[in-house]
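Student: If you're matching them up, the sequences are chains A and B in order. The working numbering puts the first residue of the first sequence at 1, with every later residue one more than the last. The working numbering puts the first residue of the second sequence at 1, with every later residue one more than the last.
The reader is advised that the hints may include incorrect statements.
Restricting the straight-line Cα-Cα distance to at most 27 Å, the calculated cross-link-like pairs of lysine-lysine (DSSO-like) are [claimed, not checked]:
(1) K23/B to K14/A
(2) K3/A to K134/B
(3) K10/B to K3/A
(4) K23/B to K3/A
(5) K285/B to K321/B
(6) K248/B to K96/B
(7) K12/B to K14/A
(8) K285/B to K146/A
These are calculated hints, taken from the structure and not from any lab test. Values in this document were obtained by computation on a predicted structure and should not be read as measured data.
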Amino acid sequence: MAKHIMSLTVNGDKSEFAVDDTDTLLDVIRNQLSLTGTKRGCTTGSCGVCTVNNDRGEAMLSCLTLAREWDGESVTTIEGLEADGQLDAIQAAFVEFGAVQCGFCTPGVIMSAKALLNRYPQPTEEQINEGMAGVLCRCTGHIKVKDAIRNDFRLRHDLANQSKNKSDNDAQEFKPEPGFSYTGKK
Amino acid sequence: MLLPEYNFHKPKTLDECLQVLSKIGDQGQLIAGGTDVVFNMRLRLFQPEHLVSIRSLEELQTIEELPDGALRIGAGCRLEDLSHHQVIQQKYPALKESIDAVASTHIRNLGTLGGNICLQTRCWFTNNSEEWRKGREGCFKTDCEHCHVIQTAHRCHAINNSDTPVALIALDATLTLAKAGETREVPIADFYRCDGEDFCILEPDEMVTAITLPAIQKSSVFLKFTPRRGMDFSLGAIAASANFFNGKVENVRLVLGSISSAPIDLVGPAKILEAEGLDDQAIEKILPLIRGEMGELTNLYGRAGYKKQIARSLVERAIIKLRELQNG
Numbered sequence: 001m002a003k004h005i006m007s008l009t010v011n012g013d014k015s016e017f018a019v020d021d022t023d024t025l026l027d028v029i030r031n032q033l034s035l036t037g038t039k040r041g042c043t044t045g046s047c048g049v050c051t052v053n054n055d056r057g058e059a060m061l062s063c064l065t066l067a068r069e070w071d072g073e074s075v076t077t078i079e080g081l082e083a084d085g086q087l088d089a090i091q092a093a094f095v096e097f098g099a100v101q102c103g104f105c106t107p108g109v110i111m112s113a114k115a116l117l118n119r120y121p122q123p124t125e126e127q128i129n130e131g132m133a134g135v136l137c138r139c140t141g142h143i144k145v146k147d148a149i150r151n152d153f154r155l156r157h158d159l160a161n162q163s164k165n166k167s168d169n170d171a172q173e174f175k176p177e178p179g180f181s182y183t184g185k186k
Numbered sequence: 001m002l003l004p005e006y007n008f009h010k011p012k013t014l015d016e017c018l019q020v021l022s023k024i025g026d027q028g029q030l031i032a033g034g035t036d037v038v039f040n041m042r043l044r045l046f047q048p049e050h051l052v053s054i055r056s057l058e059e060l061q062t063i064e065e066l067p068d069g070a071l072r073i074g075a076g077c078r079l080e081d082l083s084h085h086q087v088i089q090q091k092y093p094a095l096k097e098s099i100d101a102v103a104s105t106h107i108r109n110l111g112t113l114g115g116n117i118c119l120q121t122r123c124w125f126t127n128n129s130e131e132w133r134k135g136r137e138g139c140f141k142t143d144c145e146h147c148h149v150i151q152t153a154h155r156c157h158a159i160n161n162s163d164t165p166v167a168l169i170a171l172d173a174t175l176t177l178a179k180a181g182e183t184r185e186v187p188i189a190d191f192y193r194c195d196g197e198d199f200c201i202l203e204p205d206e207m208v209t210a211i212t213l214p215a216i217q218k219s220s221v222f223l224k225f226t227p228r229r230g231m232d233f234s235l236g237a238i239a240a241s242a243n244f245f246n247g248k249v250e251n252v253r254l255v256l257g258s259i260s261s262a263p264i265d266l267v268g269p270a271k272i273l274e275a276e277g278l279d280d281q282a283i284e285k286i287l288p289l290i291r292g293e294m295g296e297l298t299n300l301y302g303r304a305g306y307k308k309q310i311a312r313s314l315v316e317r318a319i320i321k322l323r324e325l326q327n328g
């Protein structure tokens, strides 16, 4: 079958590649761009581990989306959350609360959490349950995930303060040390 | 599971899309959000020669208030956008409730209202992979004249599992169906056929382009019963709507979904409620009648006896909720 040229902006980088008609967005992200953070799970829309965010910061399933339907659009994957070597606040919250068990669902869970927080910066319990309903952790580690989401707002605040202090002091690049906790404790 | 091969079309305008559809006829399959189509293609339930994407048709993505106060929703509007639409939240609460009941945010961010209306019927035998189905011979839905759920059946008993049509029927919505050079308006209550195989009246080259909700505002409720609370297909759904006027109840509509191959409009019980109001005596009177209105039941996703009980409870709860709205 003939290949078709399409373009896609992933994490801010626009690239062009040849795809088959039957390629999904997940195939393109994993196989063509080698961004293997996004996982392949059930491929039928039940598990949510393939979650990526669209250009409006909303969660969507890349396994049920045909690549050619998304020609010219942009998506964010788990690799795009970190900026300048610094984790996003929600990632930092997952680290601090240990909201990871085997880790397979984590990229999907974090992208879902990110989309939830984009819509509701301080979500209620009901909004968290609703927003995270589409993604499953087979290790059943949902409680710590919810803890991390509840504390994202505080961490985001702390991170903003840190980077403000940093620019006040000097222009030295901020690098997290091993074992560094984003609340300032060691 | 890999996807079957097909030719991909991505028309830019509605006219172009209708032309493509008329050319390919019944070899074509429309795809908008893809959450149902891609899934069914993976199971080899759909093996279209041509796939027509309507994701970029802007004509289908508008919501407009018509001069007479009606609301016209493009079939390509995403469910999540509709759920946050102010007019829908205020005037058609049952529709908002039914949209929120559809799957998860992830899927509502892709899925469209037109797609949910045309959702393929589901069955616990057929909705498995091709390899799994090979263990037995086919059924009405694949290639044989046979049903594995009800051995004596003469038609496919797959269930119409979508939620929004239930609310849309209760709200007296109308569908606009278009094909090349021709459009027609059909009340959504007449859109479905009680046949799991050929579940709606759409012709092969026809598509749903818009959903129109009437200007007359009704009080409405929607309830859905699922095995899992987070995200699941329903075992039963109900929408109820009515107008309250000087203590009287008018234009009552009770619609049951996910019980049969088409949503069930409970006409008889609705008439009784109009005559007697929403009090406990009226509820007592109509509950025994519901089984008769439901017609042939299947064992799909729960035994027939269980479905009977779910339907009774849902009707009762919906009327009580409607009564709360009446009493303010």
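Student: So, for every hint listed, does it hold in this structure?
Tutor: Here's how the hints hold up against the structure:
1. Distance restraint check for K23/B and K14/A: the Cα-Cα separation of roughly 35 Å exceeds the 27 Å cut-off, and the hinted pair is therefore not satisfied.
2. As the CA atoms of K3/A and K134/B are separated by approximately 32 Å, the hinted pair breaks the 27 Å bound.
3. For the hint linking K10/B to K3/A, the alpha-carbon distance of about 15 Å falls within 27 Å, and the restraint holds.
4. For the hint pairing K23/B with K3/A, the CA-to-CA distance comes to about 23 Å; that is within 27 Å, so the pair holds.
5. Taking the CA atoms of K285/B and K321/B, the gap is about 17 Å. The hint holds against a cut of 27 Å.
6. Among the hinted pairs, K248/B with K96/B is consistent with the structure: their alpha-carbon atoms are about 26 Å apart, no more than 27 Å.
7. Restraint check for K12/B and K14/A: the C-alpha separation of about 23 Å stays at or below 27 Å, so the hint holds.
8. Taken as a hint, the K285/B and K146/A pair is broken in the structure, with Cα atoms around 46 Å apart against an allowance of 27 Å.
Of the numbered hints stated above, those contradicted by the structure are hints 1, 2 and 8, listed in ascending order.
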